[in-house]
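Got chain R sorted already, so can you dock chain C onto it with the hints?
There are 2 protein chains.
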Amino acid sequence: MSLIFRPLFEKESSTYTYLLADSITKEAIIIDAVAETQQRDIGLIEELALDLRYIIETHVHADHITSSCPLKQKFTNAKIVLGESNPVACADILIKDGENLEFGNYSIKAMSTPGHTDGCMSYVVGDKVFTGDALLIRSCGRCDFQGGSAEKLFDSISRLFTLPDETYVYPAHDYGGRTVSSIWEEKAFNEMIGGVDKAEFVRRVNAMELSLPAKIHVAVPANQVCGSKIVTD
Amino acid sequence: MSLIFRPLFEKESSTYTYLLADSITKEAIIIDAVAETQQRDIGLIEELALDLRYIIETHVHADHITSSCPLKQKFTNAKIVLGESNPVACADILIKDGENLEFGNYSIKAMSTPGHTDGCMSYVVGDKVFTGDALLIRSCGRCDFQGGSAEKLFDSISRLFTLPDETYVYPAHDYGGRTVSSIWEEKAFNEMIGGVDKAEFVRRVNAMELSLPAKIHVAVPANQVCGSKIVTD
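Chains as they are written, first to last, in my numbering: chain R, 1077 to 1309; chain C, 1077 to 1309.
Treat the hints as calculated values from the structure; they're not laboratory data.
There may be inaccurate statements among the hints.
Unchecked claim - Mimicking DSSO-like on lysine-lysine, the simulated pairs with C-alpha atoms at most 27 Å apart in a straight line are:
1. C/1204 with R/1102
2. R/1172 with R/1148
3. R/1087 with R/1204
4. C/1150 with C/1087
5. R/1204 with C/1204
6. R/1087 with C/1291
7. R/1150 with C/1263
8. R/1185 with R/1150
9. C/1102 with R/1263
10. R/1263 with C/1150
11. C/1228 with C/1274
12. C/1087 with C/1291
13. R/1228 with R/1204
14. C/1204 with R/1087
15. R/1087 with C/1087
16. R/1263 with R/1185
17. C/1148 with C/1291
18. C/1172 with C/1204
19. R/1263 with R/1274
20. R/1102 with R/1172
21. C/1263 with R/1102
22. C/1155 with C/1102
23. R/1204 with C/1102
24. C/1291 with C/1228
25. R/1228 with R/1263
26. R/1291 with C/1087
27. R/1204 with C/1087
28. C/1263 with C/1204
29. C/1155 with C/1172
30. R/1102 with R/1148
31. R/1172 with R/1263
32. R/1102 with R/1204
33. C/1185 with C/1155
34. R/1087 with R/1150
So that you can see chain R by itself, here it is in the shape it has in the complex (with noise of 0.2 Å):
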């Protein structure tokens, strides 16, 4: 038995797509699935022969449109999870915290990690958290719109900073080419949050001189349907 582990990469984005399954009974799950990749992840997944059974977002995103509903027509085995605080209707599963949905002989854990959005989940298997826009390499997630907070966010960061310290996080983006870390790096190194308290955190997160995503008033309604059409102006 082993892991099948597929960081993927959207460029436009700087989005990062995981795929994972049980190489022995091809169980698979995919998180954060993006638009414009989407043939390149259906057709890795059926070379690799993989049964998909959960497509999962760590939450609705502003920045990129979601594969999700394509993917579920394509793999018909498959369900879409949210966390339940996203109000999204297209999901099969508003999944909650401290549940697992098993693939194979892995399973996957939901952790709640509001505050970059307050739907926001982070998700464990093994020794690898894929925080989403909750906790970036070096940096965290923004939290201006869609029922952001910078106090919810320092909370769901000290609650990641309780896995172990060698547990990989792989985020839903990064900018400068890193693919991973960990959570001790994270600890020790993050930019935002590394050695400081609530306060200083949160006024380093509102101190943030961000423009809005260029797609956001096209993503999060596009992404609400699951990526099912493209709802433009």
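Coordinates of chain C only, in the frame set by chain R:
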């Protein structure tokens, strides 16, 4: 004992840099480091408190400039390593096929895999092979400059295909956001060499319609001095 393994990506040239280290002794190697991302790489090596021993190039690149020399200036224990067929005076070690270099309790073994350039090396560390531009994911390197030869590349990839099927394949580039493959997958699905004979492979490689890399006239001279100075027209 465990292996620290960090794939790193440079977006402009879609180049992968690989940092590997023994987690106990901290001795480290870096493969195909890029000028644009040298500050990121230096920062990571410093944060992880690594003792960089070898700065390894799979070949003299035509599409980006190496950061070998700046890295060596920063990490003075490190030696620059290139394959023996490269006429590169700045290399400290011109490695031969079959030779090993040690870092902590790990070793990296050189495999001569000419064809993309005449000096191309692949490197094996445990269950991973770093294939440079010889074997790419579902593709292979071009053979139209720097002593390239499709015939030699066929023989080199055939040799890579003698590695165990489960071996992970980490190329120097991927333009589609894939980060890793395996020997069995490339035997089965590689669009250039999968299931074809030498004559057909050579026909396919020679039929590639490619413009020269934008940076070739800067990158090759700069890389022949290990990135110690930027050569401009």
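Against the structure, the hints come out as follows:
no. : hint               : result
1   : C/1204 with R/1102 : holds (22 Å)
2   : R/1172 with R/1148 : holds (21 Å)
3   : R/1087 with R/1204 : holds (23 Å)
4   : C/1150 with C/1087 : holds (24 Å)
5   : R/1204 with C/1204 : holds (20 Å)
6   : R/1087 with C/1291 : holds (21 Å)
7   : R/1150 with C/1263 : holds (26 Å)
8   : R/1185 with R/1150 : holds (25 Å)
9   : C/1102 with R/1263 : holds (20 Å)
10  : R/1263 with C/1150 : holds (26 Å)
11  : C/1228 with C/1274 : holds (10 Å)
12  : C/1087 with C/1291 : holds (15 Å)
13  : R/1228 with R/1204 : holds (22 Å)
14  : C/1204 with R/1087 : holds (25 Å)
15  : R/1087 with C/1087 : holds (8 Å)
16  : R/1263 with R/1185 : holds (22 Å)
17  : C/1148 with C/1291 : holds (23 Å)
18  : C/1172 with C/1204 : holds (19 Å)
19  : R/1263 with R/1274 : holds (14 Å)
20  : R/1102 with R/1172 : holds (25 Å)
21  : C/1263 with R/1102 : holds (20 Å)
22  : C/1155 with C/1102 : holds (16 Å)
23  : R/1204 with C/1102 : holds (22 Å)
24  : C/1291 with C/1228 : holds (25 Å)
25  : R/1228 with R/1263 : holds (17 Å)
26  : R/1291 with C/1087 : holds (21 Å)
27  : R/1204 with C/1087 : holds (25 Å)
28  : C/1263 with C/1204 : holds (16 Å)
29  : C/1155 with C/1172 : holds (15 Å)
30  : R/1102 with R/1148 : holds (17 Å)
31  : R/1172 with R/1263 : holds (26 Å)
32  : R/1102 with R/1204 : holds (19 Å)
33  : C/1185 with C/1155 : holds (16 Å)
34  : R/1087 with R/1150 : holds (24 Å)
Going down the numbered hints, you'll see the structure goes against none, and every one checks out.
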